Amino acid sequence: MMDPLLSLDSVGVTFSTPLGGVQAVRGVTLDVGHGEILGVVGESGCGKSVTFRAALGLTPKSAEVTGLMSFDGAPMQADGSLEQHASMIYQNPGAALNPVFTIGQQLALVAGTKDRHVLGDHLAAVGLPEPLKALDAYPHEFSGGMRQRAVIAFALAQNPQLLIADEPTTALDVTTQAQVLDLIKDVQASRDLSVVIISHDLGVIRRIADRVAVLYAGRVVEVGETDTVLSAPLHPYTQALLAARPELSDAGTELGAIAGSVPDGRSSIVGCSYAPRCQHATDLCTAETPPMRVAGEVTETEAHEVACVLVGTSPARSVS
Amino acid sequence: MTAVIEIEGLTVDYRIRQGGRKQSIRVLDGLDLVIEQGETLAIVGESGSGKSTLANAIVGLVTPSSGSIRFEGAELVGLKGKQRRPFQRRLQMVFQNPLLSLSPRRTIGFQLHEPLRVHTDLDDNARSERIAQWIDALELSEGITARYPHELSGGQAQRVVLARAMLLEPSVIVFDEPTSALDVSVQAGVLNLLRSLKGTTSLTYVFITHDLAVARHLADRIAVMKSGEIVELRSASALFEDPQHPYTQALLASSLKV
Amino acid sequence: MAEIKPARRFMGTGMMRPGSSAWYYRRSWLGMAAAIVVLIFVLGALFAPWLTPYADQGRGVPDLPSRLQGPSWSHWMGTDDLGRDVLARILFGARTALLVAIGVVTLAVAVGVVIGAVAGYFGGWVDEVLMRLTDTFLAFPPLLLAVIVAAALGASLQNTIIAIAVSWWPWYARQIRAQVLSLRERPFVQALQAIGVPSRTILGRHVIPNAMSPVWVQATADLGASVLIAAGLSFVGLGPRPPTADWGVMINDGRQLVLSGQWWIAGFAGAAITLVALAFNLIGDVVRDVTDPKTRGSE
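Protein chains in written order, with my numbering: chain A, 101 to 420; chain B, 143 to 400; chain C, 8 to 306.
Note that these hints are calculated values from the structure, not bench results. One or more hints might be untrue.
As the list claims (entries may be wrong) - Which chain C residues face chain B? A few, computed with CB under 8 Å, are given here:
#1 F144
#2 R193
#3 P194
#4 Q197
#5 V204
#6 N217
If you're wondering where the values come from, they're calculated on a predicted model, not measured in any experiment. C-beta atoms are modelled at their ideal positions from N, C-alpha and C, and glycine is treated no differently.
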C-alpha cells in the first residue's frame, strides 16, 4: 500500500511461559491506510488481538516482539510510542470503566479538561442521550451499549489518528451491536480516522469494514476488499469459515465444520499453518510457508492477496 | 403431537438489594408456553428478556413465584429436592460454557458416572458400557475419561457435557446458549452433532439463543421473548419470511448478515 | 473419527510435571530447605528410639548421677536436671510436638470446613446460626481460649490438642464459607444441581475439594503456629504431663538453670521450637505463592 498510516512487517510475538515459548503471532504483514476501516478476522488463538497490542506496546515485558512497525512513515518500537496517536477499545466496556468514579470524572482524566461543556460534547458525539446528566452517572447505571459508547468517547477524546476496536460488540445484544457499529462508522467518517476492527464475527466485518484481513495461527492468510473476500474467498480457511456459518446454509443442512484444531503456538510450523486441516493440501503446502501473492486484478488502491500455493495469480485459477 | 412441557402463568421475581432497600424485579410475567414432544424449539431474545430465567425455571434452578410447569403431565412447581429427582433425569440442561460446566477437580470419567449413579441402579460395568457408547457416538476418544476438564478443548468439553446429558436418556434437553462460547468452526460441528443425535427420535430440544441464524438453522419453532414475555411464537420458516411483531422485525433487521 | 487434540499437553506426570504446583515448589530453594528441616524432625520423631542409645531416658527414666552435664561426646546436648540425655529428650519431644501440630490442624480443619461449607452452601438460617456460633468463638483471643479450655479439661496431650483446635476452627470455617459462597454460583455447581445430584454429594465431592486451596496454605503455616502455642501451654503447665518429653516443659525446667550457666536444656529446646515453627511457616509461604495462579506467569 502506498503511504499507509500503520505498517506492520513480519511482526511476530512470542510469549515466554515457564513451559517454553508460545508463538502467538508468527509473521503478520499488514497495512492500515489513512481513513479506512480495516477488519481483522480470525478465530480464537489466531493472534489478531495480540498483534495490535504489540503495536501499541501493551504486551507484557517478557514477551518478545519482532518485526518492523512504522506509523505515518516513521519507524517505531513496541514501547508504547504509539500511545498518543492510537486508542484502543475492548470487548467488555464494563471492565474498562472504574465502578467507583462517575463517567465524567473518568472522561476528565482522559480528555485533560474538567470543562463540563467540552466533556458533554464528547459524550454527545457518541450519541449518548442527555450528555450533561450522563457525566454524573456511574458506569453501573448504564446499559452495555451505553457503556461501550462511553468507552468510545474516551477513546476519541484523545484525538487519535487510529482507533483499534477489539471485539467491541461481542458482549452486546444484537440490536445494540448494529448501533455501535454504525456509530464507529459515523465517527470514522466525520473525523477521517483510520479504524482497525478486530472480530471473529464475519457479520461485523461485512457491516463496516472496507478491507478485511483473515488471520490463522498467527499469520495473515488472505486480505482484500471486504466484498471481494467475503463473496469470493480464495483461501481454503476463509472458505471454510464462511461455510461454517449457519446463516448461509439452508436450514437443516450440514454445516461445514473444520476438523482438527488451531495450532497452539508451542511448536514452530513449517509450511502452511492451515495445511493439517485443509482439504486441498499437497506436499508443496508443507514444504515451506506460502508467501502472500496477489490474486485477481490489482486496482489502484486495493489488492486481493492470498497466502496459498494452490491459488494462482491469474484471475482464472482459484480453488474450488 | 403430544405436549411434553406445559407452562401456564409462569411468574418469576428476583429479589435484589438496591441502594440498601430490598426490591423485587419481575423477570417473567404470566408466561404461557406449550412444548411439543419431538420438536426443536428455539427461544430467542436479548439480555434481560428472561429467556435464561425461563430455562432455569423449567429445570428447577429457579423457584417461580406463581404459575405451573407440567412435565409429561406431572406438576413440577413446588417439588422439593428428592421429589424432583425422578423428573430431573428426563429433563436435562446443557449450560453455556462447557468448560465451566465441568467440575474442575474431577476426571471426566467420574463426572460421567455420576449422573448414572444418582439416577439408575446400574452397576459399575453397565455404567461404563453405556458411557463408552456415548463417548463413541459423540466422536470422543476413549481415553477422555481419564482427563481433567482443563485439558480439553472447547469443542471436546461441549461433547462431554452433551454426553453427560444424553447418558440419562432424557426426553427433553434444554440448552442455554449452546454455541455462544465456541468459535464458528467448532460451533458448526456441534450443531451438526446436535442434529444427528436427535435424528428421528422423540427427543425434544429447547434451546435458548440470541443468535437468530443458529435458531433458524436448527429449530422447528421459534419463540421470541422480550421483557419477560413471549411476543411471537411461530414456525421457524414463517417467522423469518413474515415476522409479525415489531420487535421480531427489529431483531431480524439488525442481525448482522454476511 | 478425527480426534480433536487438546489445547495443551503436559510432559511427565505427578511431581515432575512442569507447571504443577509441586514442580513450582521445588524451584524455591527456601521452600526446599524448609521442607528438609521438617523432614529431619519428622524422621527424628519417627525413629527416635533407634536414633539414640538413651531411649529410656528420652521416655523419662532418670539417671541422677549424670545430672546437669554440659554437652560432651557422650551426651551431645548435655543432660538435664534429672540426668536424662537432652538430645534424647529433644527427639522424643519432637514426637509430642508433631503429634500436637498434626492433631490440632486436623481437628480444626475438619470441624471448621464442615461448619463453614454447610453454612456457605445452604445459606439462610443455617448460615445465620452457624456463623453466630463461629463469631462467639472468634470473640475470644485465641491463646486465652486455649488456656481456658486446657485448664478446664486438665493438662494432657489430648487436651492440649482439643484446646488449641477449639480456638482455631473458626478461621477455617470463615475461610471455607467465603470460598463456598462464590463457588456455589459457578456453572458447574448449577449443572450438578440440574442433573439432580444430591446436595451433600455436590458439597462433599465437588465444592469442598475446590474450596480447599487456601485451607491447605493456612494449614501448613498453622502447623508451625501450633507448635509454638503448644509449647506455650506446656510452659505454663497446661500441656502434657511429665515424664512425657515436651519442648515447652523443657524450657520451663531449664529456665532458671540458664542463669547459673546451664544453658543447654532450655537452649536446645528453644532452638528446636524455633526451627520447626519457622520451617513450617516458610513452607506455608512458599505453598501460598505456588498455588496463587498470578505468580505462576501466563499459562
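Results for each hint:
no., hint, in the structure
1, F144, "violated (29 Å)"
2, R193, "holds (7 Å)"
3, P194, "holds (4 Å)"
4, Q197, "holds (6 Å)"
5, V204, "holds (5 Å)"
6, N217, "holds (6 Å)"
The structure does not agree with numbered hint 1 stated previously, though it agrees with all others.
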